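**Q** Going down the list, the sequences are from chains A and S.
In terms of the numbering used here, the first sequence opens at residue 1 and continues consecutively.
In terms of the numbering used here, the second sequence opens at residue 1 and continues consecutively.
Everything labelled a hint here was simulated from the structure, so no lab data went into it.
Do not rely on the hints blindly, as some may be mistaken.
[Said to hold, decoys possible] One-sided and incomplete, this derived list gives chain S residues near chain A with beta-carbon spacing under 8 Å:
no.: 1; residue: Cys8
no.: 2; residue: Arg14
no.: 3; residue: Gly60
[Claimed, not checked] In silico DSS-like links for lysine-lysine, alpha-carbon gap of 25 Å or less:
no.: 4; chain 1: A; residue 1: Lys130; chain 2: A; residue 2: Lys65
no.: 5; chain 1: A; residue 1: Lys128; chain 2: A; residue 2: Lys65
no.: 6; chain 1: A; residue 1: Lys49; chain 2: A; residue 2: Lys130
no.: 7; chain 1: S; residue 1: Lys80; chain 2: A; residue 2: Lys41
no.: 8; chain 1: S; residue 1: Lys80; chain 2: A; residue 2: Lys128
no.: 9; chain 1: A; residue 1: Lys65; chain 2: A; residue 2: Lys49
[To be verified] Computed beta-carbon distance windows for the label pairs:
no.: 10; chain 1: S; residue 1: Ala24; chain 2: A; residue 2: Glu91; range: 32 to 42 Å
no.: 11; chain 1: A; residue 1: Ala88; chain 2: S; residue 2: Ser83; range: 50 to 60 Å
no.: 12; chain 1: A; residue 1: Val151; chain 2: S; residue 2: Ser77; range: 36 to 46 Å
no.: 13; chain 1: S; residue 1: Asp39; chain 2: A; residue 2: Ala127; range: 46 to 56 Å
Quick caveat: nothing in here was measured; it's all calculated off a predicted structure.
Every residue gets a Cβ at the ideal spot worked out from N, C-alpha and C, and that includes glycine.
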Amino acid sequence: MADALTLTATTPCYGLLPKTIGTCVLTETDLGALTSVAPYKQGAAGALKDAHGMDFPAPNRTTGKQGARAIWFGRDMALLAGPAPDAALAEHAALTDQTDAWACVTLSGDDAAAVLARLVPVDLSLAKFKRGHTARTQLGHLNASITRTGVDSFLILAFRSMAATLVHDLVTAMESLAARR
Amino acid sequence: MRLPCPICGDRDRREFYYQGAAVALSRPAPDADAAAWEDYVHLRENQPGDLDELWSHDAGCGAWLVVTRNTVTHAVSGAKLASEATR
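Generate coordinates for the entire structure from the input sequences, incorporating the hints supplied.
**A** Spelled out as structure tokens, the structure:
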């Protein structure tokens with residue numbers, strides 16, 4: 001039995017999610033360990049391939065699959081999401097544990113792209129932004145990482161300190177879109 | 001207004017932070033004479049027309065860019081990474 005001294009970790013969006021509004025569902029996503037991988041010079045791409053079986057992502061792209069992804073995360077940087085980084089990677093890239101630094105949510109549903117169109121200054125339509133495409137951009141006024149994980153689902157990462165704002169902005173957009181259906 | 005980031009592609013202006021004319025790319029040597037430093041710190045041409053400017057893509061890839069923008073028409077005619085512009 002838990003006593004008064006037992007502390008239980010809460011997730012960034014604890015108490016805020018899930019939300020189902022209109023055709024869309026917003027849920028919190030546990031990606032596992034998050035590690036930024038910033039290559040020193042050559043060799044990092046090969047080390048990532050050897051250690052985790054995925055290529056180093058080109059700008060605006062992801063590699064790997066659900067549970068073990070490499071998400072392009074900025075200039076000369078990728079975010080390894082899922083497995084703990086292999087020790088061999090540390091020879092070729094600066095590794096930083098960012099597991100607790102990001103609020104990770106998934107927005108899915110028929111209107112998911114339309115909801116994001118209200119908040120994001122990037123064309124996220126299926127024709128331009130396909131599965132596996134990613135963007136570092138803004139969501140409202142938050143800096144965010146947005147990845148299409150399916151025909152009607154998006155993985156969204158924002159700073160953990162902004163989790164409540166992230167949920168508020170998304171829920172407001174979901175509600176105003178649903179009200180017009 | 002959209003800026004052509006060499007890494008991310010065309011992106012909305014609100015993703016960028018504006019610093020101003022790309023003066024910092026032609027910084028004098030530390031031992032340059034006072035006239036060169038006065039020119040660097042204080043004197044500007046401020047001519048209408050094409051101007052090289054520094055923009056940071058801080059809501060995107062994070063790179064500093066040299067963007068060529070016409071100060072009369074606001075037409076953007078190109079952008080390159082500041083790290084490559086200084087080489």
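**Q** Work down the list of hints and note, for each, if the structure agrees.
**A** Hint check:
1. Annotation: Cys8/S was flagged as interfacial toward chain A, and the flag holds, the nearest CB pair being 6 Å apart, inside 8 Å.
2. Annotation: interface hint on Arg14/S holds; nearest CB of chain A at approximately 6 Å, less than 8 Å.
3. The interface hint given for Gly60/S is met, as the beta carbon of that residue sits about 5 Å from the closest beta carbon of chain A, less than 8 Å.
4. Annotation: proposed proximity of Lys130/A to Lys65/A holds, straight-line Cα distance about 15 Å (limit 25 Å).
5. Restraint check for Lys128/A and Lys65/A: satisfied, since their Cα atoms lie roughly 20 Å apart, inside the 25 Å limit.
6. Restraint check: the Cα-Cα separation between Lys49/A and Lys130/A comes to about 23 Å, which is no more than 25 Å; the hinted pair holds.
7. In summary, the hint linking Lys80/S to Lys41/A is supported, as the alpha carbons are separated by about 21 Å, within the 25 Å threshold.
8. Between Lys80/S and Lys128/A the CA atoms are separated by roughly 23 Å; this keeps the pair inside 25 Å, and the hint holds.
9. For the proposed pair Lys65/A and Lys49/A, the alpha carbon gap of about 13 Å is at most 25 Å, so the pair holds.
10. Restraint check, Ala24/S to Glu91/A: a C-beta distance of roughly 34 Å satisfies the suggested window 32 to 42 Å.
11. Take Ala88/A and Ser83/S: their Cβ atoms lie about 28 Å apart, and the range 50 to 60 Å is violated.
12. Remark: the range hint 36 to 46 Å for Val151/A to Ser77/S is upheld by a beta-carbon distance near 38 Å.
13. Here the CB-CB span from Asp39/S to Ala127/A is close to 51 Å, well matched to the stated 46 to 56 Å.
Checked against the numbered hints above, the structure breaks only hint 11 and satisfies the rest.
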